[in-house]
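Listed below are the residues making up each chain.
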Amino acid sequence: MSKSISLKHKVIGRRSTLLAILLFLFFIALSKQFDPYNQAQLANIATLLIAVLSITLLTGASGQISLGQGAIMAVGGYASALLVTRLGYSMWLSFILAIFVSALFGLFLGLAAARLSGPYLAGTTLVMALAIPSIAVRFEPFFGGDVGINVDYGNPPRWLTSFVGKISIEEWSLYVVLPFTALALFAVLNLSNTRAGRTWRAVRDNEVSAALAGINIGRTKVIVFVCASGLAGLAGALYGFRGLVGPSVYPTDLSLTLLTAAVIGGLRSIGGAIFGTFTVVFLPDLIERITSTFEVPGAIANYLPGLAIGTLLLLTVILNPSGAAGLNERIHHRIKKTISKSGGH
Amino acid sequence: MLVVTDLVTEFSSVKALDGITFKAKAGLITTVIGANGAGKSTLLRTISGLEKPTSGSVKWFDHELTGKSVEAIVRGGIAQVPEGHAVISQLSVAENIELGGLFRKRSHKGDLVRAKREVFELFPILFERRDQQAGSLSGGERQMLAISRALVSRPKLLLLDEPSLGLAPLIAAQIINIINELCRSTGLTVLLVEQNANTALAVADHGILLSLGKVVANLPADELIADSSLRAAYLGY
Amino acid sequence: MTSFLTAFFSGTAQGAIYALVSLGLVLVWRGAGVVNFAQMGQAMFTTYIASQLIQHDYSYWSAFVVALFSGAVLGALVDLGLMRPLTSRKNLKSLNSESMRTAIPVIASLGILGILKSLAGIFWAGEERGFPSPIEPTAIKIGSTNLAITGFDLFVIGVVFLALGLTTIFFTRTGVGLAMRASALNPEVTRLSGIKVGSVRTLGWAISGTVSSLAGLLVTPRTNLSPNTLDLLLIIGFTAAVVGGLTSLAGSVLGGFILGYVISFVSVYSAPENVFIAILIFLLLALFLRPQGILGSKEVRRV
Amino acid sequence: MNLRKPLILTVVASALVGSLAISSVSTAVAGAPGVSASEIVLGMQLPETGPASPGYNKVDDAARAYFDYVNSKGGVYGRNIKLVVKDDTYKAGLTISTASKLINQDKIFAFFGSIGTQTHVSVIKDINRRKIPDIFVNSGYSSFYTDPKKYPTTFAGLGTYTVEAKILGKYLLEKYPDKTIGVLYQSDDFGRNALAGLATAGLKFEARKTSASFIAGTQGSLGLASQIGQLKANGVDIVIIAAVSSATAVAYATAAQLGYKPTKWAVISVGADATTFQTILGSKGVPAATSAAMLAGTISASHAPAPGELDDEYIAAFKKINDDFNKGADTRWDNNVLQGMNAAYLATSALMGVGKKLTRKKLISYLEKNGSKLSSAAFAPLGYSKNSHEAFTGFWLGEYDASTLLVPIDGKRVVYTTDSAGGAVTVSNYKRPAISADALPKVA
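From first to last, the protein sequence lines stand for chains A, B, C and D.
Numbering follows this note's numbering, with no gaps: position 138 of the first sequence is 138.
Numbering follows this note's numbering, with no gaps: position 13 of the second sequence is 13.
Numbering follows this note's numbering, with no gaps: position 300 of the third sequence is 300.
Numbering follows this note's numbering, with no gaps: position 444 of the fourth sequence is 444.
These are calculated hints, taken from the structure and not from any lab test.
Any given hint could be a false lead.
Unchecked claim - No more than 20 Å apart at the CA atoms, straight line, and that leaves these computed lysine to any residue pairs for SDA-like: (1) 179/D to 82/A; (2) 105/B to 141/C; (3) 109/B to 172/C; (4) 156/B to 172/C; (5) 264/D to 332/D; (6) 125/D to 82/A; (7) 86/D to 301/A; (8) 86/D to 300/A; (9) 327/D to 152/A; (10) 52/B to 67/B; (11) 105/B to 151/C; (12) 86/D to 82/A; (13) 261/D to 196/C; (14) 116/B to 103/B; (15) 141/C to 262/D; (16) 149/D to 82/A; (17) 214/B to 84/B; (18) 361/D to 386/D; (19) 116/B to 128/B; (20) 59/B to 105/B.
Because the structure is a prediction, the values reported are computed rather than measured.
Using the sequences and the accompanying hints, generate a full structural model.
Given below as structure tokens:
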């Protein structure tokens, strides 16, 4: 497999650009069919997708498991919100800087976490998910306590409305997020196909033989952690600008939701990350529609989204651990097989 | 007697074993030799039930082994010493040995005590180090421990996967000799996988040469040693 | 001095609870090689069952026994229904690396946690409840001064050490205990020793389910019972287990008490707002200084 | 491994999932959004599930019960009031999504009675930017209401924590000048607002001695032993609690365990819900009679009559409507139900007051002009004006009796009034208008 990648290296660079642009256009085309709420949901997907990609990168490509991506999102969120409200930076610049701040944070954490594997890392990141929001409460005058800091994308600027006509606030938020999503997608697609990406996978698949092959395991893990943190921080900044940067925006559950999205889609696939994010964002709406049609009493209906997500997670893990993307790949495979058979070779 | 017939084992549609057929006579040492990747380890793992064959049969006297669980095969008297001095390094030496006989603890309590005493007599160094963690042993001692763990289950057939791998030649020879003595004195049947063909053929009664999952030679050990063309073609010397 | 004593006794009492949680985690880790993030979800669920029985006028002790039994059943079910099918599929591409084989059960246990919470919400409307204690929780007195520790706390401490003693004997002195340790450490060699690794693991899950259930029953009299309140205890219990050494039963108990003191001394001498940050710093420090934990054995940790 | 291969197929699948979930676009209505010839749609966000839900998840059912009653009597100018409720599980990330759904899909006319400071803060700016009325928010966080220029469409549904704490603090300081007064508060917006109010009243606490705090939500898992132990060790005679009811229950239970008997407990009304208190202690094995005795003598404040004052005309009317119309999972009559009903009563009054031609702008200007004249079960006047969107500006103080009923101190109900800033505490002379026989608001 590594052979095919190295041969196609240059082609892939072009293809990933194409794919990122395609996804960008796909979202915009989709948004035109939607009402403002679903446009907001799309923007939400585009935002969370970046965070899910960070998990795909971390877990799928290097085997580290983080239950605290939400906390790193919070770091990015607070960084951008403080830059905008305290220092008067522009929103766009603050998003870019949020990547660096959270990557730096990831570096510190990574230095400690690179020594950890499996459950140790999972648990440590979980403790982090708990502790980070309480820092905001602890240093209330600076971070705004548990009420947080109000920030938003603002109203659609005039140059845009005069160009594309009147658009809703929700559609504007989608336009703000999408370029970053496309960039993140482009970055991850390329990273996973470079030499660095192969090194990471080697570490994931077998640390011992990777070490024997001369790969510095610790350093590799830290680098992956830093990259994933940068992505998560960007997602956190975009997520915060939906309205608020505060502890209740980045709860422990958020980290778990992101992980669920990554798992459902397939931890090793970028297509899977997209599918998984769509699922966790839209599933509650779907369930709400079903429960309201069948008039399920609220005492049950309220808990169904949680139940459905949990069940989906378990079913994925048991039946098809490689997620929706794996299923997809298998179907792909079968179709190919059938075609080649009927082709009479 | 162990009878292997048309055994095929696949890993994601690559045939690691491609129709293996041979017999290993009871009470003798049969060695399986071949280059790296010939399928030697897979053969042992398929016999012991760790790998599920795609087709074919493995019979120990009248008992069909394919389709049975590893535990059932072990309990039927077939013990495997897997590759790489497989002991549990976090457990003590005594615990590792205890583990091998655990399933007989209730039914054969007295015999188990005897079996433990016997392996300690066989490898006195293990008795000295019985309370140490297995991980702290040297490579040779670990291999002795792995063999001891298998022996306390009172096997009738012992499957040995590269016991000399990574050991100093002197130690390796010592271990092979002990196996040889054991076989001669107790009537234990041994199926010995070795990459170091000379060491193995020196003690074995019969030799099987594997290449790319197929049997290319099935001869008495002394004939196999003598066949220089086979050696040159498949073992590279 | 009074605040020191307050911190010390309340730390001891809390520590006993964290020790119990931590012990439960270490039991599954040693028995099945999995950190069970659903553990306190299971505890929550079985405690609700007990609470329900008590509300329907069954005696405390009958509810206690039923809860322990359902804990064992729930633990066994988790293994049979989930963990076993998972490990039997190791030929799958996504499970072919060691790191993924440790990651996937963690993810699976999170799925169970989510399901148990939702079910508790549906069955018991997510109502916040308390839970009775078998012993009147009144403060121990020295002379006329009340200490910040109750008879019930002493009972919990007693149970913790009893559980520690029994499980230690079980693991080190019995054959099943040896088989259980071996299964977690090296399933292949264990199977080749003729041991039914699957059954041994299921037993391990059942035992841990029982201990978790016990933790739930003894934790909730001091706290409240709701689908979410026990999550925090899991996180603290996990930290305690790591600090003590994930492989060591005695270490987990020690870690539990240490965490109890950290939390209570930070609350009293600094501020309760600093507790979570203190836990994080403490965990990072512990991992940095002694990655294998205070009493953990070094080789088990793959660094 | 190839990360790229299944991308296109999964994207298509994702689009399918998305389109499945999308509801058909609701029918466009002429005039104000959410108002048709037959219906007025109101939207409410609250934690129906999750750690913050206990107690609060009854408020929506109570409000809906009252609206259903109004609808059964012909609605407001022939329009039925429809209440759409979204569960945000007390997580602001979700509040933002559900608010967008209420606005864009349910096409609500106004937000009504949203619960939760930390969650509401995430959408308040957006709601105001869109000029959607945000009436009777169930939060006493004063910053939402004291600057109408910042949040012109947001109106309170509760008296602020600051006002209540000020009144309580002043009373305690005058009544017990020689006692050591301490506080136990949860370190969030609510606790800190209350602390600020107590400070304005002249109560000073010493950190780590007479002032103890805990992280909101951890009372159920970490317990309050060290906090209570600290207050006890420092000889605090009077403990003020600014925390939710489940924490009050844990605090009382812990104090009993530690043999700590302060002269008085004083609990800010948020934390003084007797039902929650007794439920939690009850399931801990404390008999109802014992838990009632523990609560007895506790000082608390209220703007409305206590739920247990069954001879009060508002209480009697509301309780009957609750019995007849509440379809929620837990319909037990308590303070949460009373608050929900009272807010619905106020909303109905306002909607009737605006008149037949209902628009968002009209509702807001009506509330600013006439809001202070609206009546409700409360004994305190409403503070709505151009300069303030605070609701009840006064509280009366009571003590719990042996049957968990809050009765006015010394048998006489005195309503004190003040503002959320530095203003003085005075006795209010507000006379509550009587409720009409059909329990529907009568607005001129």
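20 Å limit on alpha-carbon distance, applied to hinted pair residue 141/C and residue 262/D: holds (18 Å)
Residue 59/B paired with residue 105/B [C-alpha distance capped at 20 Å]: The hint is violated at about 27 Å.
Holds or violated: residue 86/D to residue 300/A, with C-alpha atoms at most 20 Å apart: holds (14 Å)
Given pair status - residue 172/C, residue 156/B, alpha carbons within 20 Å: violated (30 Å)
Residue 264/D paired with residue 332/D [C-alpha distance capped at 20 Å]: violated (29 Å)
Straight-line alpha-carbon gap residue 361/D to residue 386/D, limit 20 Å: holds (14 Å)
Given hint residue 172/C paired with residue 109/B - CA-CA distance at most 20 Å: holds (19 Å)
Given hint residue 84/B paired with residue 214/B - CA-CA distance at most 20 Å: Answer violated: residue 214/B to residue 84/B is near 24 Å, above 20 Å.
Hinted pair residue 261/D and residue 196/C, Cα distance within 20 Å: Violated, at roughly 59 Å.
20 Å limit on alpha-carbon distance, applied to hinted pair residue 52/B and residue 67/B: holds (7 Å)
Agreement of residue 86/D and residue 301/A with the hint, judged by alpha carbon distance not exceeding 20 Å: Within the cut-off at roughly 12 Å; holds.
20 Å Cα cutoff - pair residue 179/D, residue 82/A: violated (44 Å)
Violated hints for the displayed structure, listed by number in ascending order: 1, 2, 4, 5, 9, 11, 12, 13, 16, 17 and 20.
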